[in-house]
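J.: Order-wise, the sequence lines are chains A and B.
If you read the first sequence in the working numbering, its first letter stands for residue 139, the second for the next number, and so on.
If you read the second sequence in the working numbering, its first letter stands for residue 674, the second for the next number, and so on.
Calculated directly from the structure, the hints in this document are not laboratory data.
For each residue, glycine too, the CB sits at the ideal point set by N, CA and C.
Errors might be hidden in some of the hints.
A short, non-exhaustive set of chain B residues, derived as facing chain A with CB atoms under 8 angstroms [to be verified]:
id: 1; residue: F724
id: 2; residue: A749
id: 3; residue: K750
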Amino acid sequence: VTLLHRLLSVVRWIARRDRVERDLDEELRTFIEMAASDEIRDGRTPADARRRAALQLGGVEQAKERVRNDSRAAWIDHIVQDVRYASRTFRGAPLAALTIVSTVALGLGLITAVFTIFSALYLRLDAVERPEELFAVTRPTGPGATTTLVWTRTEYETLRRDSTAFSGVLAMVRGVEGRVDGRHVSGSLVSGNFFDVLGSRARLGRTLRLTDDEPPAGQPVIVLSDRGWQKLFARDPTAVGGSLRINGRPYAIVGIMPEDFRGLSRVAPDFWAPLSLSDDVHQGATAKSRSGEMFVDNVVGRLKPGLSAEAAASALTAWASANAASGMLRTIGGYPASVRLRPSQGDVGGALTLFTPIFVAFGLILVIGCVNVANLLLARGVSRQREIGVRLAMGAPRSRIVRQLLTESLLLSLVAAAGGFVVSRLILESAFYFAMAEMPPQVSEGVNLVPPLADWRVAVFLVTGAVVSTVFFALVPALRATSLQLIQTIRGEVTQYARPSRVRHALIAAQVSASVLFLICAAVFLRGAFAATRTDLGLRTSDTVTIPIISESTRAAVISEVSTHPSVASFAATSPSAGQVALAAVESITDGGAWQTPSRPGVGYQSVSSEFFRVLGIDALKGRTFAPAERSVDAGVAVVSFRLARRLWPEGEAVGQAMRVRVDVPGTTRSAARTFSVIGVVETVESPAGPFVFNGADLYLPIGLENAGVSLVLQVHGDPEVARRALLRRLTEIDPALGPISTLQTATRMTAYLLRMAFWVTVVLGGLALALTASGLFSVLSYLVAQRAKEIGVRLALGATPRNVVTFVLWQSLAPVGFGVVLGGALAGTLAIYLLLTVGARIKNMIHVYDPVAYGVSGLVTVTACVIATAIPAWRAARIDPIETLRQA
Amino acid sequence: VPVAKLDIPQGTLDLMILTILDREPLHGYGVSQRLTINSRGEFVINQGSLFPALYRLEADGTLKGEWRPTENNRRAKYYRLTAAGRRQLEQHRQRWSRVSLAVNGVLDGAS
Chain A
139 VTLLHRLLSV
149 VRWIARRDRV
159 ERDLDEELRT
169 FIEMAASDEI
179 RDGRTPADAR
189 RRAALQLGGV
199 EQAKERVRND
209 SRAAWIDHIV
219 QDVRYASRTF
229 RGAPLAALTI
239 VSTVALGLGL
249 ITAVFTIFSA
259 LYLRLDAVER
269 PEELFAVTRP
279 TGPGATTTLV
289 WTRTEYETLR
299 RDSTAFSGVL
309 AMVRGVEGRV
319 DGRHVSGSLV
329 SGNFFDVLGS
339 RARLGRTLRL
349 TDDEPPAGQP
359 VIVLSDRGWQ
369 KLFARDPTAV
379 GGSLRINGRP
389 YAIVGIMPED
399 FRGLSRVAPD
409 FWAPLSLSDD
419 VHQGATAKSR
429 SGEMFVDNVV
439 GRLKPGLSAE
449 AAASALTAWA
459 SANAASGMLR
469 TIGGYPASVR
479 LRPSQGDVGG
489 ALTLFTPIFV
499 AFGLILVIGC
509 VNVANLLLAR
519 GVSRQREIGV
529 RLAMGAPRSR
539 IVRQLLTESL
549 LLSLVAAAGG
559 FVVSRLILES
569 AFYFAMAEMP
579 PQVSEGVNLV
589 PPLADWRVAV
599 FLVTGAVVST
609 VFFALVPALR
619 ATSLQLIQTI
629 RGEVTQYARP
639 SRVRHALIAA
649 QVSASVLFLI
659 CAAVFLRGAF
669 AATRTDLGLR
679 TSDTVTIPII
689 SESTRAAVIS
699 EVSTHPSVAS
709 FAATSPSAGQ
719 VALAAVESIT
729 DGGAWQTPSR
739 PGVGYQSVSS
749 EFFRVLGIDA
759 LKGRTFAPAE
769 RSVDAGVAVV
779 SFRLARRLWP
789 EGEAVGQAMR
799 VRVDVPGTTR
809 SAARTFSVIG
819 VVETVESPAG
829 PFVFNGADLY
839 LPIGLENAGV
849 SLVLQVHGDP
859 EVARRALLRR
869 LTEIDPALGP
879 ISTLQTATRM
889 TAYLLRMAFW
899 VTVVLGGLAL
909 ALTASGLFSV
919 LSYLVAQRAK
929 EIGVRLALGA
939 TPRNVVTFVL
949 WQSLAPVGFG
959 VVLGGALAGT
969 LAIYLLLTVG
979 ARIKNMIHVY
989 DPVAYGVSGL
999 VTVTACVIAT
1009 AIPAWRAARI
1019 DPIETLRQA
Chain B
674 VPVAKLDIPQ
684 GTLDLMILTI
694 LDREPLHGYG
704 VSQRLTINSR
714 GEFVINQGSL
724 FPALYRLEAD
734 GTLKGEWRPT
744 ENNRRAKYYR
754 LTAAGRRQLE
764 QHRQRWSRVS
774 LAVNGVLDGA
784 S
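If we strip away everything but chain B, and leave its shape as in the complex, we get (with noise of 0.2 angstroms):
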């Protein structure tokens, strides 16, 4: 029986992207496969999305895009965060961890 995944909530999209390319630059295939691999399966990301949330990200000087060779010897563009781009990070963070919570902490008092 195939169990439903959960959708990526509105808005952390970005900031899921952002932290795993903290960590090291990767291509779009290998964002995708983290994001899948980190959430142990549990979000699976629309591609759709994906491409046009990197391509803004870029335009906007957050990312950085550049073609590298990967292990298998096929060209792919890396992305990695800028300068700016690790700030927005931070900014994401601490708003998402005020975010999260005051969400536990109201779900905890309904308990």
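Bound-form chain A, shown alone (with noise of 0.2 angstroms):
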């Protein structure tokens, strides 16, 4: 039988469906007379011979079931079927399917909004061509190395001149920051044949050319991304032809890329610049070697068609040595040049592994509502063992049955994914605004968070989720539902009690412990943020701003116009600016006379103004700070922290002693020996933990305001943000490409904020299991004393208490909560002990994850969810009545 007549007959099946019904019933009705007719001949009674006839065919209405059940298009019409009949049954029950529907939603509702993320970072490509094709060149510092020698900017035009391997090289200086009318753009240098070498094409105007990039200065034109179009000229096309003024300084918008262009980067910067304008744009903040060249952090290649990268990268290696040979690529401690090639298009294996704990924590949502879901269906087999022990009788087959469950729970999930987009676009959007409401407000105008857009792999993730849920939380209610001893069934005796088994009561104490670890990670993440905002850093944080001055020839009216402005209460000049220090070696001391060599010299030091101390409220513990007039190296006289004097002087005093200090010379490379007294000891600075570190200086030399190169602090009055605000805008009218100015605040806000974001991630997911724990918990035990209330009835009539009831009933669900609990403490502290041995420096100022209070409190909070929800069932139960369920059996 061919393709086309299987085809074919599937169509006449559905054309002529009616008619083969009709014919179907009037032929086996033939057939009954007929075989009856006969037996009738062979002497028996009439009724006997239908009877008889009836039995040799094997029933009519179970023969009709097996010719359509036979038929090549029968699925077609089982799924028609079957939809008909899910929704009567849902009809009948809405309650259930809504609880269902809404359960399953909020499940993969969850999940999807993280995979919307996962997928708009890491799954959706560049529109570069051929991407396959590109790879980042890299140099090992040493064998195995994972650290690598960055890139000057003559050593990467010496690669792309020689390079036999590539068809083209390109470079590129990612999180170039400015500022556009006080809005903060960030962008990347690229090398003029950045575009070329992709292959992209410009969606207006055209993208950077080898001509825009020569050095020593390109000129000045940029290329927009579509994130930067929209952002600064709503998508206005007449932005191409016209100029942005960044940082003060003007650039023609040659072109705007595509909105699928992204230039290599995870999220697109807003514009693209050549790589050499970057003294300009970069507020010559751009890292350079010792030579003063600039570096360049990425170096991409396209291999020639047909090159292996295997091959070009031993190709590059022998190039690197003959250079390396020749003096024209560094090295780094005799370890022989050697270049490593790594596909430059996304490593979505990394990004998984990273991405796998949150698809976890978020999967568990949904694992937890399907595990209620599946404890749901099974009552309800239970309830339905009527209806479906008659359709078996009729001659179903029990794989029809089961598929009819199955296309029930499909459809209610397939809705459910409709919910779930739904939810998942709720969360995403309040997630995201929220984050940035939340967000100290010098960060957020720096970042702009939007939650992504969702594609068709959203769509098929939320189906696949779909189907993989109902297999998930269907299967196994169906398979039971259908393995029924039909005669008792159709008797009405209900066959199967849904009896507390052991797999019940693993899904319970899954179900609480991971609501416990959800709950212990809110609690310590709570904490954590409480403590941040409350921790002594040694200095006032609370109405400091920081000024960094880069350019020499605006410094003294930057310092004019901020010893005159109003908000300014008071000022200190700081060299490097605060929060960084430089480093000095300690080459000897005095302790009471002799001279001696301290055993640890290396100390960050900080030269700074004599107000410097009052202005960040850093406390005098012995002696004095700086007078007014010591104003440079040459008073001789240092402030060293408690921190240094107790290292240096462990049981001694340590003001009026000497000691001997390497510092660098002011605006030489070269540094000298120099002899200081201590005059003062002062309060340690401790950095904030967090994102933001804030290094407090160990050794205070004295300098004074018009040394070149100081940065300013600044104590100010009112609102530290409003002050910042007003101060930004007045000094970058005198100097446009002033450096970031900051609020000591915002470096411990920031640490705060991040604790509660993650604290509110948690504790919603803590919450969200939690609830569904305790609701599945009072519907399966409600359900179970409902069952079982004939068992409870003859207890009760026995002797048994009420007490005794409810203690039974209470038992059944509260041995699995307590050992859910134990379990979801011992996997916080797990996971504890995991996160101090990998990331456990990082993270042991921010968190205590040993923090018993977090345990306490997540541990009881959960028990007594769960007591509550098992107490009503408990107390219906003791409330039975022995006489009037025994009357019922």
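Take the two lone chains, each set in its own frame, and fit them into one complex as the hints suggest.
T.: Here it is, written out as structure tokens:
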């Protein structure tokens, strides 16, 4: 039979279905009559004859069902029937359907929100030609080393000129920050061939050319990304040909890139500018080599067609060795120059290891929800036993009914998938809004978090998720519901009690442990956030603003503006800027007379003016701080932190001692040793834990405002954020290229902010997990009590007290709850050990992973919720009237 | 003592139905009667399989069903072979004779 035949038979079946049904009905009747009349001829009574005839056929309805099932087109009918049947069932029990849909929608929505972000970051391909040919060119600093040697511009140019392995090599510096009309923008500096090597065309105008990027100074032209175009020009097409002032300098906009071009970054920068503009755009802050050469952080080559990455890498290594020998390439520590190639298009595997814990955490809610739904379906399977039994008796094969039950569940899941999409959008929109609104203002003006849009991958994910969830929550209940003993079922005897099984206990324990784990994390984060706002860093952060001074030409004007600005109470000079230290070596110290050499000479120092300690509220513990007249190292005085005093003079008195320190000579690359006498000991400044590192100095040397290269710290009146904005507006008029002005408050608040966000994520997940667990416990237990009313009634009649009954019912669930709480705590503890072993150094000042309060409160909340959820069914069980129950039986 | 009847060997039901209907068009009951008689009472068709097979063969275009009055003046659905059905029967037959020859050969060799 050919495929065409099959198709035709399907079409015929559909076209003639009604006639076939009529035919079948009449034909079977004729069959019975013929067989019966033969039986009568053999001498049987008419009634007996008909019975035997029907028996010979194996039942009329059963025979029909077999013909229907045997048809090649039956599946189409089955689907239509199943869907109709399912919608009748839903109308019959709307509450159950609604519960299933909303539970699954919530779970799917949560995990889809995570997937949407993951997909936008890692699965969307960058709009470049043949991305598989692009490789990042790196130079490892040693055999098997993970660190690499950065390329200088000259080294890159050498590679570009010499390379035979590549059809083109591009260079890029990411994360160039600037201001446009007070708004923060970020860009990438790229070599002139960047767009050509990637094979990407502009959507409007043109891309950058080699001539735009001719050293030493490139053309002041930029190309906008779709993001930047949207942000700065609201997608106005006339922007091309116009100009944009970045840090006060004008740049001609020559082109706009399409939306799906991100230029080898996860998120597209606002603009691309020629590499040679580095000094202008980057406010001179680009890292440079000792010889003043510019570094480029990314060098990416396009392999010539047909060349393997291995062959190219070995050719490049040979090239590197030759150039290292001639001094064209730098090397490190005598390790022979080598080149490694890494596929430059996103590493999805690595991203997955990062996202897996997040997926697991969010997926747990879906799993917990599915467990609830499975329990609900198991319970409903028992109440539908009669209906299912009748269908089985009417000749429906078991597979047919299992399919029917699965279709019902799948329909609900697909509705839930649609709901899940809405949920995921709501979650993303509100989470991003919340994250932006809560962010310290100084940080939020620099970032622009926009919830990623859903694409076809999200749709596929949702539908797949719905199908997988269906299998997860519906298969076992469907199989259980159809394994019946027919006779008892039709008589109306329920043959299965949903007895508390080991599986169900294990599921409850797992649900509870997940809830506890989430809640412990939430509590740890919350307490960390509180601690972060209260930590004493040894200086005042509430009213402090810092201003880095970059341009020597405008320094005097900036200082004069600051000294007269109404929001400034007082200010001091520092070098380097507040929060950074320079390194010095303590060569020798006196301790009561004789000179000696300290065991650890390295020390972080900062040159500060006399007002510094008062501006930042750093108290002198012993001696005094600098006098206004002490304005340079020539004064020969130094102030040390309490920490350094303890280190250098563990027993003795620091004030009055002398120390010889090798410090940098200002304006040169030389250093010189000088002798200082210690005049005071001040409080140690600690860095707040978290993303903002604020290094406190251990050694302070005097400096004056008039010195070159000083930055400012300001004590301001009122809200430091208001003052910061006022100063930013005023000072960028004087120096448009002024670096970031920031408040010290931001540094401490950022830590608290991150912990608060982590708290909200985990507390929402924990709350949902707990709510689902408790509602699952409640509904299953209520159902069990209803099912076992007879048994409980008998117990009561035989003399059990209501108290016994409550204990009996509670024990059914509270044992696994208790086990779950312990397991959850143990999981949290294991996670804590893991974190301490891997990233311990970074988190140990932010959070206390073994916070007993967090563990205690979370366990208590979980147990309370579960006890409440079980107490109501237990109370109901205790009120069962034995007489009434026994009479019903 | 009732003697156990033989089950119809797998895959041969179609062949037997087609052979019976090749001689003359018959209704469902007629097919089942003829099957019992021709197999000398050894085969009793599970009627649950007969109608699915007839409907399937009809849907494939191997058989064609027509409603006609019987000799007792009842209306019954008579099945007859189509041209395609005849070709199929020929194929089925050839395959069957090869199979039975082969099986007999093996059995003879064993004795």
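J.: With reference to the structure, classify each hint as holding or not holding.
T.: Going through the hints against the structure:
{"no.": "1", "hint": "F724", "verdict": "5 angstroms, holds"}
{"no.": "2", "hint": "A749", "verdict": "5 angstroms, holds"}
{"no.": "3", "hint": "K750", "verdict": "5 angstroms, holds"}
No hint from the list above goes unmet by this structure.
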